[in-house]
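Undergrad: This is what each chain is made of:
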Amino acid sequence: MARRLSDIAAELGLDLRGEDMDVAGVNTLEAAGPDEISFLANPKYVPQLASTRAGAVICSADFAGEVKRALVSDNPYLDFGRCVSLFAKAQGTLSGVHPMACIDPAARVAEGCTVYPFAYIGPRAVVGEGTVLFPGCYVGEDCSIGRGCILYPNAVLMAGTVIGDECILHAGVVLGADGFGFVPTSFGIQKIPQIGTVQIGSDVEIGANTTIDRAVLGVTSVGDSTKIDNLVQIGHNVQMGGQCLIISQVGISGSTKVGNNVTMAGQAGIAGHLSIGDGVTLGPKAGVAKDIPAGQTMGGTPAVDKGTYMRTLSVMPKLPDMYKRLQRLEKELAELKNGAEK
Amino acid sequence: MARRLSDIAAELGLDLRGEDMDVAGVNTLEAAGPDEISFLANPKYVPQLASTRAGAVICSADFAGEVKRALVSDNPYLDFGRCVSLFAKAQGTLSGVHPMACIDPAARVAEGCTVYPFAYIGPRAVVGEGTVLFPGCYVGEDCSIGRGCILYPNAVLMAGTVIGDECILHAGVVLGADGFGFVPTSFGIQKIPQIGTVQIGSDVEIGANTTIDRAVLGVTSVGDSTKIDNLVQIGHNVQMGGQCLIISQVGISGSTKVGNNVTMAGQAGIAGHLSIGDGVTLGPKAGVAKDIPAGQTMGGTPAVDKGTYMRTLSVMPKLPDMYKRLQRLEKELAELKNGAEK
Amino acid sequence: MARRLSDIAAELGLDLRGEDMDVAGVNTLEAAGPDEISFLANPKYVPQLASTRAGAVICSADFAGEVKRALVSDNPYLDFGRCVSLFAKAQGTLSGVHPMACIDPAARVAEGCTVYPFAYIGPRAVVGEGTVLFPGCYVGEDCSIGRGCILYPNAVLMAGTVIGDECILHAGVVLGADGFGFVPTSFGIQKIPQIGTVQIGSDVEIGANTTIDRAVLGVTSVGDSTKIDNLVQIGHNVQMGGQCLIISQVGISGSTKVGNNVTMAGQAGIAGHLSIGDGVTLGPKAGVAKDIPAGQTMGGTPAVDKGTYMRTLSVMPKLPDMYKRLQRLEKELAELKNGAEK
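Residue numbers (UniProt numbering), protein chains in the order written: chain A, 1 to 342; chain B, 1 to 342; chain C, 1 to 342.
A few of these clues could be false.
In this list, chains with the same sequence are indistinguishable; a pair is considered to hold if it fits within one copy or across any two.
Claimed, not checked - For lysine-lysine, the following BS3-like pairs were computed, each having C-alpha atoms within a straight-line distance of at most 25 Å:
(1) K290 to K306
(2) K331 to K306
(3) K191 to K89
(4) K324 to K337
(5) K337 to K68
What the hints contain is simulated information worked out from the structure, not anything from laboratory work.
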């Protein structure tokens, strides 16, 4: 299984400094052994160069002299990722359609697909070439799944959901459950039927147990190459752009529009019917109740620009003290005025 | 498939202003075509009346003159919902019990139920007439499910869970997992076995991947017509009333009592052993650590009345400036006193 | 089914005060009937002693005289838990491997395991003695599960996940989905393959729909006897100690180290690459962006020591008033200086 370091360097297009060797794998500076490659991307870990046992390190030219062997890189984290790819292997070992899967006769499953036991594909659903459905996946009627997708165990696509090519849906993802649409009336809460769908672009990854609701009318959409972490909630009729990074436990309420290249940190929450511009970054736990123009970096509840938020955070713990000082000032000023009046 | 507009008007009991037409569907003012019905409920969208291509619009009498055809309504959003119902169709196309389902011989499944492949129904479980279980559903022993319910894929009812009639459980819902009950002791953390159950009323809807834990003793309960969104957590022994609206990612800790007609916005969190009165509304991300009397609208952490919360929010970003001004005041006052003493 | 109270007292090693009786079950002071045992652990419920119909009460010696029959305990909540255990019964009634389960020929399932229909066990996976897999569970290739574990419905272990003995995984748990590792580049967002695994100790309980991601390299780990509630997110390469209590909807970002005996309350969020010391307690909704030394109790965002946090919370609603008073002070002081200058 071992590969030669020189072959890896060639494959990644990186300059090798030092002798060739056999490579067993990739690891952190702290844990790597003499037959493993590691990397230095974060300056915080420079001190570990002195003690690492790694056989080779992917790093910038500046540090190439400090390690046994270097693969010199302009972007060590990216090249580390590319290097890891050489050692990664797909999960699952099955190929073809397992007899314990259940595929409706009116579904179309392309050649080269893998369908595990206990996966279900409904009428008129279409599954593209090379796509893999793990056990417990549900693909409702009229769904369309592109080529080269992976649906990990128990991923659910309700009727009419469309996803592009090369998407990864982690275990327990639910796409196309009904949006939360109700009208309170004097005779009880009435449900607004949700007759829209969900449309996901290509090269999208969606984390475990994340939920994206179907639109009330029209579509809830996610653009190409957007990456969504675990346990995220995306409400009905949200329109999200491409190349976004949405971290775990974020919630986005119905009908909000999110631009391209938007980053939302963990546990942020966005109200409904808003517009979040291209390139916006939201800090962790941010609470957004207003539109945000393109390019802003925001934090806090209510979300404000990052500078203001960081300053507010630093003052927060002083609040009790501020209150006391305010009271003292009032007292002193009153005394002073009293004195002045006399 | 097309229906006549006049038939729809008659069915909804609405007054039609304008000529009859064939109706293909329902859509937003922005997206509707000339063969579709749209609606105006939110004043924010009045300007779209001028440009909409919709063939007909459900709106109040005030706006009936501004559109090609109007269905005049006293509650346009509600009547829009009723109109959508005419075009909605149930998900799933199967009927009867599929041979790849697994039903314990000691379970009782009523006539007219649909049980998809890979659904499991345990001993002594009872499933009412017309109820549909999608693939991957688990119904534990001694569960009871009423008439006309829908359990979407991978919904899980642990042993003894009871749900009423006409309930909708979205994909990945988990009812009746053990509550989080542990006692730290000098010899380790001890588990308190959770021997209670979960009881859900009728006409309840529960969102995808939401979890409601079984009681330690007695029941965790949810009242009739309460609607719960995705990824909500409801702890053991919570007693929730009817007609509540619980938005996504809310967490309610153990033994808290929630009244009727309570609304909780997204990501709110409620501590345990509290009492939340009838008709309370909680804002997004609210953090509740005290009882709330009936009828209050609250926001923030700690949750306070809405007026105070909104004023606090508006002051928050001024905090760094306030701190500077406080320091300056102290300095100026000290100088003044110094001067006065001289 | 009834047991004698004297037998229960003997089994728990508690002193019985009062006559013997038949015991039908365990219940709260409020709900218990004359054939049930209840308990008094929280002083808040002392007033209920006067009205309870419970046949016997587990309580400290101080209250033994106030109830019909007492089981005298130094730790009533713990002994209540032990008493409940006597009446608890395991969920599920199946034993052996069901013919509708799917087990790869290269998997090793020990004697005495129960495998429900629609559970899947992949190649080279190992399942220890007495472990139970409910319907819809997925155990990927090369996974290892210890003895006496319970995997409730639809629990998912992606390839290579290791769990110890006597663990409980509630429904919908996902262990070993890919961590959220991406590099934004000028030519698009690149995925860093996640080739590490997840390792869970023994006696660990993990709540419904909780997700724990696989490491990018090495392992994401959870120590012995840690208990995790529902809908929690644990990122890649987190290293969590033993005997921790992690309440619902907490999120822990990648590479953070959490010590032993740490408690995190609901909806807390921890940034990545941090170190949280042994015995730390985090309040609900806490937002942690810095290392926390051992033994601290922290709350708020940014998390500060509990005393400061509680004082800050109490001042928060006064903020609008403080702002007004600050403005008034400035005005008054200006007038005073004006006067002084004249």
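Undergrad: Does each hint fit the structure? Answer for all of them.
TA: Going down the list of hints, with the structure as the test:
Proximity of K290 to K306 under the C-alpha cut-off of 25 Å is found in both arrangements, the shortest distances being 15 Å within a copy and 18 Å between copies. In the homo-oligomer, the alpha carbons of K331 and K306 never lie at most 25 Å apart, since the shortest distance is 36 Å inside one protomer and 29 Å across protomers. For the homomeric pair K191 and K89, the shortest alpha-carbon distance between copies (14 Å) is at most 25 Å, but the shortest distance inside one copy (46 Å) is not. For a Cα distance limit of 25 Å, the shortest separation of K324 from K337 qualifies both inside one copy, at 20 Å, and across copies, at 19 Å.
Proximity of K337 to K68 under the C-alpha cut-off of 25 Å is found in neither arrangement, the shortest distances being 76 Å within a copy and 69 Å between copies.
Checked against the numbered hints above, the structure violates hints 2, 5; every other hint is satisfied.
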